[in-house]
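Visitor: In terms of our numbering, the sequence shown opens at residue 1 and continues consecutively.
I should point out that these hints are in silico values taken from the structure, not numbers from a laboratory. Errors might be hidden in some of the hints.
Calculated lysine to any residue pairs in the SDA-like style (CA-CA distance at most 20 Å, straight line) [claimed, not checked]:
(1) K257 - P72
(2) K200 - E12
(3) K200 - E230
(4) K61 - Q269
(5) K255 - E60
(6) K214 - T155
(7) K214 - I243
(8) K214 - V252
(9) K24 - S161
(10) K81 - G216
(11) K257 - P69
The following label-pair restraints were derived from C-beta to C-beta distances [stated by the list, open to error]:
(12) E251 - R31: 40 to 48 Å
(13) E251 - Q32: 43 to 51 Å
(14) V252 - D194: 23 to 31 Å
(15) G268 - A124: 33 to 41 Å
(16) E238 - R31: 19 to 27 Å
(17) A124 - Q162: 33 to 41 Å
(18) S136 - S262: 41 to 49 Å
(19) S161 - E238: 23 to 31 Å
(20) Q162 - E60: 26 to 34 Å
(21) T246 - E140: 18 to 26 Å
For every residue, glycine included, the Cβ atom is placed at its ideal position computed from N, Cα and C.
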Amino acid sequence: MTTDLEGLNVSELGTKAYWDEYYKREDGNTRQEHDEVDDQKASTSLSRLESWFDDVGAPEKVLEFLLSPGFPLFSQEEKPKGTTAVLDLGTGNGSTLMSLAVEEDGAIEDARLVGVDYSEASIALARRLWTEIQDSGEAEVGKGTTVEFHVFDITRDTASSQPWWPSSSSSADPGGFDLVLDKGTFDAISLSSDTVDGRKVYEIYPSKVLGMVKPGGFFLITSCNWTEGEVVQRFCNENTARIEGTEARFEVFHKIKYPVYSFGGQQGQGVASVCFRRTD
């Protein structure tokens, strides 16, 4: 893991072309698998999908935390009234939102789950897989919960102008999501050479995310390229995560623990998952 907060070395993993090709390949693989095994079984199994950081059990640990009594958005005792809006930034094949939506994994209720990605191939794949799961009739979706996927580039597009943006009835409230998820998107952006207005895209990302979380809402990020301390430093720093003219900022709400390994006399985790809460 890097200790350089100025960014990571540029890599093809930070390019849109790489991810377009990656998800086209996954689309072909899942179609082939669908043809080779029983259709119903292939359509209903989320476990067959490639998942982020699966080697360290990150998907299971994140899902366990989100559905735990200690996380207020989905706790039966603390869940706020109305629909809970969740955004998955860099949704990939959509497996994260699908796991939240279906009965076998979590089935949160009264939630609007939105997955976005700048790769058109990613969104095409996620939409197809979600349609298959729904058509199978075997996966029960949580009551009042919907899932949708859209093409969106967080570094260049304006979130609040998108048709899927959760608007508010109050003109003084810009709206936003109750929960925003990142499972490697910041990692990929940190490997990009792209710039916006002369700034590297990883530099503007924390402020962009802060603006997508409603006041009091949460941002949960999982990273394998940045240490836990570096993630906190990047997203809790008023110089890197801020909204001009406001007091909005992130504060640490929870840190998910993973097995600790030792290397070169130092200890660390294979990945870092940190949940922040927006305060104003």
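Visitor: Take the hints in turn and mark each one as holding or not.
Guide: Do the hints match the structure? See the list:
This hinted pair checks out: K257 and P72 have alpha carbons roughly 19 Å apart, not beyond 20 Å. Between K200 and E12, the direct Cα distance comes to roughly 16 Å. Compliance with the 20 Å bound is thereby established for this hinted pair. About 17 Å separates the Cα atoms of K200 and E230, which keeps this hinted pair within 20 Å; it holds. For the suggested pair K61 and Q269, the alpha carbons sit about 14 Å apart, so the restraint of at most 20 Å is met.
Our distance criterion of 20 Å between C-alpha atoms is met by K255 and E60, whose separation comes to about 15 Å. In summary, the hint linking K214 to T155 is supported, as the alpha carbons are separated by about 19 Å, within the 20 Å threshold. Under the criterion of a C-alpha separation no larger than 20 Å, the hint pairing K214 with I243 is consistent with the structure, at around 12 Å. Between K214 and V252, the direct Cα distance comes to roughly 16 Å. Compliance with the 20 Å bound is thereby established for this hinted pair.
Annotation: proposed proximity of K24 to S161 is violated, straight-line Cα distance about 28 Å (limit 20 Å). At most 20 Å may separate the alpha-carbon atoms for a hinted pair to count; K81 and G216 meet this at roughly 14 Å. Between the alpha carbons of K257 and P69 the distance comes to roughly 17 Å, so the proposed pair stays at or under 20 Å and holds. Distance hint check for E251 and R31: the Cβ-Cβ separation is about 44 Å, which falls inside the suggested range of 40 to 48 Å.
Between E251 and Q32, the C-beta spacing of about 46 Å keeps the proposed range 43 to 51 Å intact. Between V252 and D194 the C-beta distance comes to about 29 Å, which sits within the given range of 23 to 31 Å. The beta-carbon spacing between G268 and A124, approximately 37 Å, falls within the hinted interval of 33 to 41 Å. As the Cβ distance of E238 to R31 is approximately 47 Å, the hint placing it in 19 to 27 Å is violated.
Taking 33 to 41 Å as the suggested C-beta distance range, the pair A124 and Q162 does not conform, at roughly 18 Å. Checked against the given bound of 41 to 49 Å, the beta carbons of S136 and S262, roughly 45 Å apart, stay inside it. Look at S161 against E238: about 26 Å separates their beta carbons, and that is inside 23 to 31 Å. Between Q162 and E60 the CB atoms are about 31 Å apart, so this pair conforms to the stated range of 26 to 34 Å.
Under the hint 18 to 26 Å, the C-beta atoms of T246 and E140, about 41 Å apart, miss the expected range.
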